[in-house]
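A.B. asks: So you can see what is in the structure, the chains are spelled out below.
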Amino acid sequence: MTSANATIGAVHEATLRVAAQFEEAPQQVHAAKLGMWIFLATEVMFFGALFFAYAIARVQFPEAFAAASKHTNILLGTTNTAVLLTSSLFMVLAMRAAELGVRRATAILLVITALLGLAFTGIKLTEYVLDYRDHLVPVLDFSFDPRYAKGALVFFGFYFVTTGLHLVHLSIGNGLVLTFARRAWLGKPNTLADQVEIVGLYWHFVDIVWIFLYPCLYLVSRT
Amino acid sequence: MTHSRVRNYVMTWIALLVLLAITCGTSFIPLGRYNLAINMAIAIAKALLVIVVFMRLFKSAPMVLVVAVIAALDLAILVCLALPDFVVRGW
Numbered sequence: 001m002t003s004a005n006a007t008i009g010a011v012h013e014a015t016l017r018v019a020a021q022f023e024e025a026p027q028q029v030h031a032a033k034l035g036m037w038i039f040l041a042t043e044v045m046f047f048g049a050l051f052f053a054y055a056i057a058r059v060q061f062p063e064a065f066a067a068a069s070k071h072t073n074i075l076l077g078t079t080n081t082a083v084l085l086t087s088s089l090f091m092v093l094a095m096r097a098a099e100l101g102v103r104r105a106t107a108i109l110l111v112i113t114a115l116l117g118l119a120f121t122g123i124k125l126t127e128y129v130l131d132y133r134d135h136l137v138p139v140l141d142f143s144f145d146p147r148y149a150k151g152a153l154v155f156f157g158f159y160f161v162t163t164g165l166h167l168v169h170l171s172i173g174n175g176l177v178l179t180f181a182r183r184a185w186l187g188k189p190n191t192l193a194d195q196v197e198i199v200g201l202y203w204h205f206v207d208i209v210w211i212f213l214y215p216c217l218y219l220v221s222r223t
Numbered sequence: 224m225t226h227s228r229v230r231n232y233v234m235t236w237i238a239l240l241v242l243l244a245i246t247c248g249t250s251f252i253p254l255g256r257y258n259l260a261i262n263m264a265i266a267i268a269k270a271l272l273v274i275v276v277f278m279r280l281f282k283s284a285p286m287v288l289v290v291a292v293i294a295a296l297d298l299a300i301l302v303c304l305a306l307p308d309f310v311v312r313g314w
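Residue numbers (our numbering), protein chains in the order written: chain A, 1 to 223; chain B, 224 to 314.
I should point out that these hints are in silico values taken from the structure, not numbers from a laboratory.
Built from N, CA and C at the ideal position, the CB exists for glycine as well.
Misleading hints may appear alongside valid ones.
What the hints assert, rightly or not - Computed spacing ranges between beta-carbons, pair by pair: (1) V292(B) x L75(A): 35 to 41 Å; (2) I252(B) x V18(A): 55 to 61 Å; (3) K282(B) x L75(A): 32 to 38 Å.
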């Protein structure tokens with residue numbers, strides 16, 4: 001294990017191109033990982049603001065949020081949560097395979113991750129179609145029990161904005177994962193482990209956003 | 224070593240799915256405000272599992288931990304600054 005890591009490390013140092021601003025390869029790798037974490041910190045602010053606004057609106061329209069949440073599709077929503085959690089498992093396995101230098105396995109695990117990401121996208125889009133059929137899309141076609149119409153409109157505004165932004169993030173993640181799956185398969189870079197880890201950080205973060213969206217949108221009131 | 228790590232990842236995944244089942248299942252039981260408490264506690268637990276195990280927070284460089292903690296604190300500060308505005312206006 002230690003010697004395997006040392007070997008991988010040695011290959012690293014020999015072939016990694018170090019940009020002018022870095023002293024040596026490990027420093028560059030450290031900067032890259034830290035950069036992704038800082039980016040994710042800004043994403044916390046971005047999604048945090050949405051969750052905060054959601055909380056304020058929910059306190060204002062508690063009954064309407066409860067009524068509106070009952071109209072979300074809990075079966076598809078829960079399935080999607082499980083799909084995304086599973087994709088994160090394959091992502092972390094790909095990270096491990098890349099660390100061990102098993103390129104083909106890394107590529108296959110990344111492809112499975114991306115397929116699960118695409119499955120999530122497909123299920124989510126199906127849900128959008130069903131929502132449209134149920135007249136739940138603000139602006140386009142929205143009608144709801146008049147007692148709760150105002151609050152429900154706010155709820156579904158949040159529903160589409162947050163899940164839409166999440167889907168955009170997931171699609172970017174899918175593109176990244178497939179890009180690195182291809183690179184791993186072709187055996188291009190020797191920095192694969194670090195690159196896969198950085199993509200993995202992003203992927204897991206997108207998963208975490210969904211972990212919070214799920215109870216906020218699907219589980220407000222089911223009783 | 225390798226096997227134990229992979230086993231950790233798989234166990235974490237199972238724990239995540241069990242938590243998902245609990246949060247989904249309990250939401251069909253009328254528990255009043257405790258439904259919200261359970262849902263939020265489980266969401267936080269799931270997020271922590273992902274951050275610590277899948278994102279390897281504590282195995283990363285110390286600077287990464289600093290960034291993660293500052294992100295959480297920043298969000299808390301901004302929420303604490305913004306919240307009184309809504310409370311005081313009495314909307």
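A.B. asks: Each hint needs a verdict: does it hold in this structure or not?
C.D. replies: Taking the hints in turn, this is what the structure says about them:
About 37 Å separates the C-beta atoms of V292(B) and L75(A), a value consistent with the hinted range of 35 to 41 Å. Between I252(B) and V18(A), the C-beta spacing of about 58 Å keeps the proposed range 55 to 61 Å intact. Taking 32 to 38 Å as the suggested C-beta distance range, the pair K282(B) and L75(A) conforms, at roughly 37 Å.
Of the numbered hints stated above, none is contradicted by the structure.
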